[in-house]
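Work out the full structure, taking the sequences as your base and the hints as a guide.
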Amino acid sequence: MRDSVKIAIDVYIPKVKKGHHGKFPTVLHQWRYWRDFELKWPYKWLSKAPNGPLGKFFKQVIANGYVLVSVDSRGSGASTGTRPYPWTQEERDDMTEIIDHIIAQEWSDGKVGVAGVSYSGTTSEFAAIQKHPAVKAVVNMYS
Numbered sequence: 001m002r003d004s005v006k007i008a009i010d011v012y013i014p015k016v017k018k019g020h021h022g023k024f025p026t027v028l029h030q031w032r033y034w035r036d037f038e039l040k041w042p043y044k045w046l047s048k049a050p051n052g053p054l055g056k057f058f059k060q061v062i063a064n065g066y067v068l069v070s071v072d073s074r075g076s077g078a079s080t081g082t083r084p085y086p087w088t089q090e091e092r093d094d095m096t097e098i099i100d101h102i103i104a105q106e107w108s109d110g111k112v113g114v115a116g117v118s119y120s121g122t123t124s125e126f127a128a129i130q131k132h133p134a135v136k137a138v139v140n141m142y143s
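The numbering used here puts the first residue of the sequence shown at 1, with every later residue one more than the last.
Bear in mind the hints are in silico, worked out from the structure with no lab data behind them. For glycine and all other residues, C-beta sits at the position ideal for the given N, C-alpha and C. Please note that the accuracy of each hint is not assured.
Cβ pair distances, simulated, as ranges [claimed, not checked]:
| # | residue 1 | residue 2 | range |
| --- | --- | --- | --- |
| 1 | Asn64 | His101 | 17 to 25 Å |
| 2 | His21 | Tyr142 | 33 to 41 Å |
| 3 | Pro133 | Asn64 | 20 to 28 Å |
| 4 | Ala63 | Ser118 | 19 to 27 Å |
| 5 | Thr88 | Tyr142 | 19 to 27 Å |
| 6 | Gln60 | Arg83 | 26 to 34 Å |
| 7 | Glu125 | Pro84 | 14 to 22 Å |
| 8 | Gly110 | Asn64 | 17 to 25 Å |
| 9 | Arg83 | Gly22 | 18 to 26 Å |
Simulated pairs of lysine-lysine, PhoX-like, Cα-Cα distance not exceeding 20 Å [said to hold, decoys possible]:
| # | residue 1 | residue 2 |
| --- | --- | --- |
| 10 | Lys15 | Lys111 |
| 11 | Lys131 | Lys59 |
| 12 | Lys23 | Lys111 |
| 13 | Lys23 | Lys136 |
| 14 | Lys15 | Lys56 |
| 15 | Lys59 | Lys17 |
| 16 | Lys111 | Lys131 |
| 17 | Lys59 | Lys23 |
| 18 | Lys136 | Lys111 |
| 19 | Lys59 | Lys15 |
In C-alpha cells, the structure reads:
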C-alpha cells in the first residue's frame, strides 16, 4: 500500500472456458475476520477454498465466471498495519488502491463488484461512497 502496509489477498480465477477471452469481472470482499477460515491440518490441504460462512456464495461467484478477490483489512488476519477502530480512513483508502490493482491485472475486464455481510457489508458500502469508476455493483447482504 502507499504507506508500505502489506495487505493479504487471495485471488480465485475461474477456469477459462473454450472461446472465452480470459478477462473476467471481479467480486471484491474485504473484511477483518481472515479472508479464509483456518482449517486444521490435514484438512486444509484437502479444501478447495474459499470456506467460512460465505464459502458457498463465493464458490457460486467463481463458478459463474467471476474472479473473487478476498482481502484481510489492514491490521487484521494476515495483513500488516494497525486498526485502531473499524473502517478507518486508511482502510477505506486501501479499498480504492486494491480496486486500482485489480483492474490493472491481465485477467480483469475492468468491472468490479463489492460484496459483503456484516463487517464486510459495511466495507462494501464504503466502496460505493468512494465512487471508484470501476465499481459497477455493491451487494450488501446486511451490515
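To see whether the hints hold, each was checked on the structure:
Roughly 23 Å separates the CB atoms of asparagine 64 and histidine 101, a value that falls within the hinted 17 to 25 Å. Take histidine 21 and tyrosine 142: their Cβ atoms lie about 35 Å apart, and the range 33 to 41 Å holds. Under the hint 20 to 28 Å, the C-beta atoms of proline 133 and asparagine 64, about 23 Å apart, fit the expected range. Distance hint check: the CB atoms of alanine 63 and serine 118 are about 24 Å apart, consistent with the given range 19 to 27 Å.
Look at threonine 88 against tyrosine 142: about 22 Å separates their beta carbons, and that is inside 19 to 27 Å. In this structure the hint that glutamine 60 and arginine 83 lie 26 to 34 Å apart at CB holds, the actual value being about 30 Å. Between glutamate 125 and proline 84 the C-beta distance comes to about 20 Å, which sits within the given range of 14 to 22 Å. Between glycine 110 and asparagine 64, the C-beta spacing of about 18 Å keeps the proposed range 17 to 25 Å intact.
For arginine 83 paired with glycine 22, a C-beta distance near 36 Å fails the hint of 18 to 26 Å. With a C-alpha separation of about 18 Å, the suggested pair lysine 15 and lysine 111 falls inside the 20 Å cut-off, and the hint holds. With a C-alpha separation of about 27 Å, the suggested pair lysine 131 and lysine 59 falls outside the 20 Å cut-off, and the hint is violated. Using a Cα cut-off of 20 Å, the hinted pair lysine 23 and lysine 111 holds, with the two alpha carbons roughly 10 Å apart.
At most 20 Å may separate the alpha-carbon atoms for a hinted pair to count; lysine 23 and lysine 136 meet this at roughly 16 Å. With a CA separation close to 17 Å, the supplied pair lysine 15 and lysine 56 stays within the 20 Å bound. For the hint pairing lysine 59 with lysine 17, the CA-to-CA distance comes to about 17 Å; that is within 20 Å, so the pair holds. For the hint linking lysine 111 to lysine 131, the alpha-carbon distance of about 13 Å falls within 20 Å, and the restraint holds.
A C-alpha spacing of about 18 Å is found between lysine 59 and lysine 23, which places the hinted pair at or below 20 Å, so the restraint holds. With a CA separation close to 6 Å, the supplied pair lysine 136 and lysine 111 stays within the 20 Å bound. For the hint pairing lysine 59 with lysine 15, the CA-to-CA distance comes to about 12 Å; that is within 20 Å, so the pair holds.
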